Each structure stands twice: as C-alpha cells, then as structure tokens.
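Position 100 (the sequence shown) corresponds to 100 in the numbering used here; numbering is contiguous.
The hints are simulated quantities; they were obtained by calculation from the structure and are not laboratory data. The structure presented is a predicted model; accordingly, all values stated were derived computationally and were not measured. Careful: at least some of the hints might be erroneous.
Claimed, not checked - Heads up, simulated DSS-like pairs for lysine-lysine below, C-alpha to C-alpha not over 27 angstroms straight-line:
1) Lys101 x Lys155
2) Lys155 x Lys226
3) Lys209 x Lys63
4) Lys209 x Lys146
5) Lys59 x Lys209
As the list claims (entries may be wrong) - Across the chosen pairs, the derived CB separations fall in these ranges:
6) Lys209 x Lys68: 39 to 47 angstroms
7) Glu18 x Asp210: 20 to 28 angstroms
8) Glu230 x Asn47: 14 to 22 angstroms
9) Glu198 x Lys146: 36 to 44 angstroms
10) Lys171 x Arg36: 32 to 40 angstroms
11) Asp223 x Ser178: 13 to 21 angstroms
Even for Gly, the Cβ is constructed at its ideal location relative to N, Cα and C.
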Amino acid sequence: MKDILMDIIEAKRATICEQKKAISLAALQDGAAESRNMFSMRQALANSSSGIIAEFKRKSPSKGWINKDASPEEVTAAYAANGASALSILTDTPFFGGSLKDLRDARPGVNIPILRKDFIIDEYQLYQAKIVGADAILLIAAALEKEECAFLAGKAHELGLEVLLEIHSEKELEYVNSTIDMVGVNNRNLGTFVTDIENSFRLASALPKDTLLVSESGISSPDTVKRLREAGFRGFLIGENFMKTDNPGKALGEFIKQLN
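Taking the hints into account, I'd like the entire structure generated from these sequences.
Spelled out as structure tokens, the structure:
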C-alpha cells in the first residue's frame, strides 16, 4: 500500500531546501528574536470547558479540496468568537493547500493559542513558526527519529513554543518525555489515512496520568468528545467537520452547545 507520509516528507525536504536558498537560517533567527510573547496552548486546554482545537484546513490528501476559498482571517476569527479553545492552522501547501501566510494573516484577529500544524523535520521550520505568530508546533513521531524529535522539542522550548507530540501507536510512546507539553493521539494512520477513533481510547491508558491528552482526527460527534473526556482527554482537534460547512464558525458554536 502506498505510504502517503513518506511522499509528504520527501516533498517537505525539497520545500525546505528551496526556502533556505531564499531566506537563510540566520535571517530567520534574527526575525524570531524580535517576535512577540506567546499564548499557552496547554494552559488554554487545561482550563477550557470544551477543549476544542478548531482547525483551518483547506484540503487533505485523502479527501481533496474541502473548502478551497476559505479565508483564514474570517474563519479563525469566527472560530474564536464561537468558543474555540485554540486554533490549528495547516501550513503545508502541496498536500493540504495551506501556507505560512495563512497563519500570519490569522494571528492579528485572535487572542487564543495557534498551533502550526505541519510536518516539522528541521529547526528552520521552528523559526518560521515563531515569526508568523504560532504559539505551539506539532511534532509527529512517525516522521522523526526519537533523537530528532527530542532535539526539535528542546529547540522549540528555547524559542518559547510549546510542543504537541503526535503519536499513533504503542511503539511511539517512547517519544514522550519532559520536553513534551501535550500528547496528541492521531486516530488517522498517516501511512494509509485510514481513521479509527478507538485508537485514542487504546493509547490513553498507556500514557502517564498527568499527560495533557489531545485526540486528533475523525471526531464529528459531541458524544464522541464526551466519551473522550471520560477517558482523560482535554483537547479535541477538529477541522474537516467544521470546514466542510458554509460557516465553520457557526458549525463550531452549534457543536459546543451540544457538548454543554
């Protein structure tokens, strides 16, 4: 079976190589040093009654275009106004139709944490995240060696960025350490893009009790969120369920009303 994750990482390496030719790491480091203070995504989720991380997502490798012409400024502002605890913005272009510009454009209009959701494999991307206004970054265990993941998590903390570590299987539990702020259980296999919500329940019991848990992908029902809460989850990353509607912010608001 075709491994989509390998294709994405290969394309990502090529993209970063081209970006480095245009803007040096040193230039990014200078820009990051001047960036503003951050919001805490971990704290926002821990204190939230809903825990919804509303995602701005134009397309996916498995579904194609979901909301091609969506405005990041309008959608994220509507998410914030309708009760999102935090935001996730996809910044991968070829596979998800996003960009760093989406995050930069969204930042001035919201006062809640923003996660840069991408396939981060190089410290260069951490400086990019800091400059455009991200508060947290995603590290995907399946895309990194354990040592690489630990290095990137440590560097993220140096920049004031929180880390959401994404795991999908028991063997990736060894990636969890003191440099990780939140652990996300991805219900979608990134190799095949098959989704199984039960994956969150399987892995929750194997993680330390003090871990701030986030369930990612395949969540479309308030009842599922209620079940996940009972299993110990405090964050729920939802994108497609809202983005496929004409009014993602309104869809989020209605979803939260059903939770309460």
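Hints versus structure:
At most 27 angstroms may separate the alpha-carbon atoms for a hinted pair to count; Lys101 and Lys155 meet this at roughly 23 angstroms. For the hint pairing Lys155 with Lys226, the CA-to-CA distance comes to about 35 angstroms; that exceeds 27 angstroms, so the pair is violated. Under the criterion of a C-alpha separation no larger than 27 angstroms, the hint pairing Lys209 with Lys63 is inconsistent with the structure, at around 35 angstroms. Under the criterion of a C-alpha separation no larger than 27 angstroms, the hint pairing Lys209 with Lys146 is consistent with the structure, at around 22 angstroms.
Distance restraint check for Lys59 and Lys209: the Cα-Cα separation of roughly 34 angstroms exceeds the 27 angstroms cut-off, and the hinted pair is therefore not satisfied. Against the hinted window of 39 to 47 angstroms, the Cβ-Cβ separation of Lys209 and Lys68 comes to about 42 angstroms, which satisfies the hint. Taking 20 to 28 angstroms as the suggested C-beta distance range, the pair Glu18 and Asp210 does not conform, at roughly 41 angstroms. Checked against the given bound of 14 to 22 angstroms, the beta carbons of Glu230 and Asn47, roughly 19 angstroms apart, stay inside it.
Between Glu198 and Lys146 the beta carbons are some 26 angstroms apart, a value that contradicts the proposed interval 36 to 44 angstroms. Against the hinted window of 32 to 40 angstroms, the Cβ-Cβ separation of Lys171 and Arg36 comes to about 38 angstroms, which satisfies the hint. A hinted range of 13 to 21 angstroms is violated for the C-beta pair Asp223 and Ser178, which are about 34 angstroms apart.
Comparing the model with each earlier hint shows violations of hints 2, 3, 5, 7, 9 and 11; every other hint is respected.
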